[in-house]
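Participant: Please model the entire structure based on the sequences and the hints provided.
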Amino acid sequence: MAVKPIRTHRRVPSPPKGEGEGLKTTGGLSSNNFIKAIAAIVWKDLRAEVRSFELVSAMLVFSLLVILIFNFALELDIKTRQSVTTGVLWATFAFAGTLGLNRSMAIEKDRGCLDGLLLAPVDRSAIYFGKAISNLAFMLIVEVIVLPVYSILYNINLFQPGLLMVILLGSVGYSAVGTLLSAMSVQTRTRDILLPILLFPVVIPVLLAAVKASGGFLEGVDIAEILLPINLLIAYDIIFIAVAFMVFENVVEE
Amino acid sequence: MKSKPLTLKILDIVSVVLLAVSAYIAIFVAPTEAVMGDVQRVFYFHVGTAWTALLGFVFTASLSVVYLLTKDLKWDRVQVAAIEVSLVFFLITIVLGSIWARPAWNTWWTWDPRLTTAAITELIYIAYFMLRQGIDDPDRRARFGAVYALLGGISAPITFFAIRLFRTIHPVVIGGSNAQAEGNFSMTADMRTAFFFALFTFTVIFIDLFWNRIRLGDLQDKVEQLKLKVTS
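For the record, the sequence lines run as chains A and B. Just so it is clear: in the first sequence, position 214 is 214 by my numbering, and no numbers are missing. Just so it is clear: in the second sequence, position 80 is 80 by my numbering, and no numbers are missing.
One should not assume that every hint holds.
Below, computed lysine to any residue pairings styled on SDA-like, alpha-carbon distance capped at 25 Å [to be verified]:
(1) B:K222 - B:F129
(2) B:K74 - A:E253
(3) A:K109 - B:F196
(4) B:K71 - A:N250
(5) B:K74 - A:D115
(6) A:K109 - B:L11
(7) B:K71 - B:W211
(8) B:K71 - A:V66
(9) A:K109 - B:I135
(10) B:K74 - A:P121
(11) B:K74 - A:N250
(12) A:K109 - B:W211
(13) B:K9 - B:N212
(14) A:K109 - B:G134
(15) B:K71 - A:E253
(16) A:K109 - B:K222
(17) B:K71 - A:P121
(18) B:K71 - A:D115
Covered stretches of chain B (chain A as the covering partner; in silico rule of three or more C-beta atoms under 8 Å from a C-beta of chain A) [unchecked claim]:
(19) 31 to 44
(20) 140 to 153
Chain A stretches covered by chain B per the calculated footprint, using a threshold of three residues with CB under 8 Å from any CB of chain B [said to hold, decoys possible]:
(21) 50 to 64
(22) 144 to 154
(23) 202 to 209
(24) 242 to 252
Calculated from the structure, these hints are not laboratory results. All residues carry an ideal CB built from backbone N, CA and C; glycine is no exception.
Facilitator: Below you can see the structure in the form of structure tokens.
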């Protein structure tokens, strides 16, 4: 365990170093370096995860437990299943998501990795996008496993392209806001309990639109009717990625 | 220490007098509404507090931008003051609305877009104060507060928009308690007087409380600095 953080830590600043001195002045401007920095952070997170499977396994088991609890709480017989499936799924993703977001930021903070990232001569927003993309990746991995399990347990075919697209859009919005807020909550005294309190009231539009759109796809209603929530999801994603991009600097500043 | 400015003292007294006059007009001058009866009188204060609270929240989001650009703690104190007063006013709005809704809609609460958004907005700004409570460094507290208030200020209107959008497509049938169907009424001249007077009153009260709260924030800041000077 002790070896891993050192190794991952070293990985991050190394790509910019290879680029030489010019990076300091062009760090924010050169899109190539920007993307390289994002890729380095995502790569670091994924590699650290592959070595331990701490985060994904915790999120996964938690998700299955939430579905289990819903099974008893809502008496998921065939009739109720039709109407609540999307609600159960999104509640599961939202709860499991906070678990992952908390952990992914706490690792950075506790082992001093965040300071290392901040010292790297890259644009701060590259750190945000890197963390957001790896958080999104963890969420998607969990979702990809939960969906077939749910399909088998409740005999509903969840593998419809429309539904998968909605889940992707919803997860993008969720992790875009979640990454920003977890970077804040991890620096407070009440960190673990604070994230859901901060995050849930702000992501309600995502959950609302995602539940509507996924429900529409499952019931096979007219596409024109689903278009509104999908447009809303896209708009939310764009707005909040843009806002997070602009304010992230203020969140990690020392 | 500076004593309370004279203008603020006068404003305090004016607020109290206006509140009394506004209550008098709402209760005795405005006519009783034909269908709903006396409970409709709640409406004057309900809209008065809602109007000021919403203006306060919009103002708050713009203060976030101002603080993040200037990094002057003065704007943070102004923002805290605005959010705190707006939060209380909005809570009053919700409580008064519930009191009105019980006889008018036959329920304390429905998941109407406005009601839902109001509840979520309250939760966002309660979360704002919980966030601030967990941070000791004043600069960081101000930065995080400004960022979160900005996110909340963007998200709350989207929530309202989203719920209303879906409602128009899927009309929610709430057992005979449709906001459009029940609760609408046209105002008479006296009612309009009471209505606009209440709006004016609560705007003045808001400004008064807001000013007092900013002053309190400034004094708190001064005490903190004096404490540091004494202990160092």
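Participant: Please go over all the hints and tell whether each is borne out by the structure.
Facilitator: The hints, checked one at a time:
no. : hint            : result
1   : B:K222 - B:F129 : 21 Å, holds
2   : B:K74 - A:E253  : 19 Å, holds
3   : A:K109 - B:F196 : 53 Å, violated
4   : B:K71 - A:N250  : 10 Å, holds
5   : B:K74 - A:D115  : 29 Å, violated
6   : A:K109 - B:L11  : 48 Å, violated
7   : B:K71 - B:W211  : 21 Å, holds
8   : B:K71 - A:V66   : 43 Å, violated
9   : A:K109 - B:I135 : 15 Å, holds
10  : B:K74 - A:P121  : 32 Å, violated
11  : B:K74 - A:N250  : 17 Å, holds
12  : A:K109 - B:W211 : 39 Å, violated
13  : B:K9 - B:N212   : 10 Å, holds
14  : A:K109 - B:G134 : 16 Å, holds
15  : B:K71 - A:E253  : 12 Å, holds
16  : A:K109 - B:K222 : 33 Å, violated
17  : B:K71 - A:P121  : 24 Å, holds
18  : B:K71 - A:D115  : 22 Å, holds
19  : 31 to 44        : violated (count 0)
20  : 140 to 153      : holds (count 9)
21  : 50 to 64        : violated (count 0)
22  : 144 to 154      : violated (count 0)
23  : 202 to 209      : holds (count 6)
24  : 242 to 252      : holds (count 4)
Checked against the numbered hints above, the structure breaks hints 3, 5, 6, 8, 10, 12, 16, 19, 21 and 22 and satisfies the rest.
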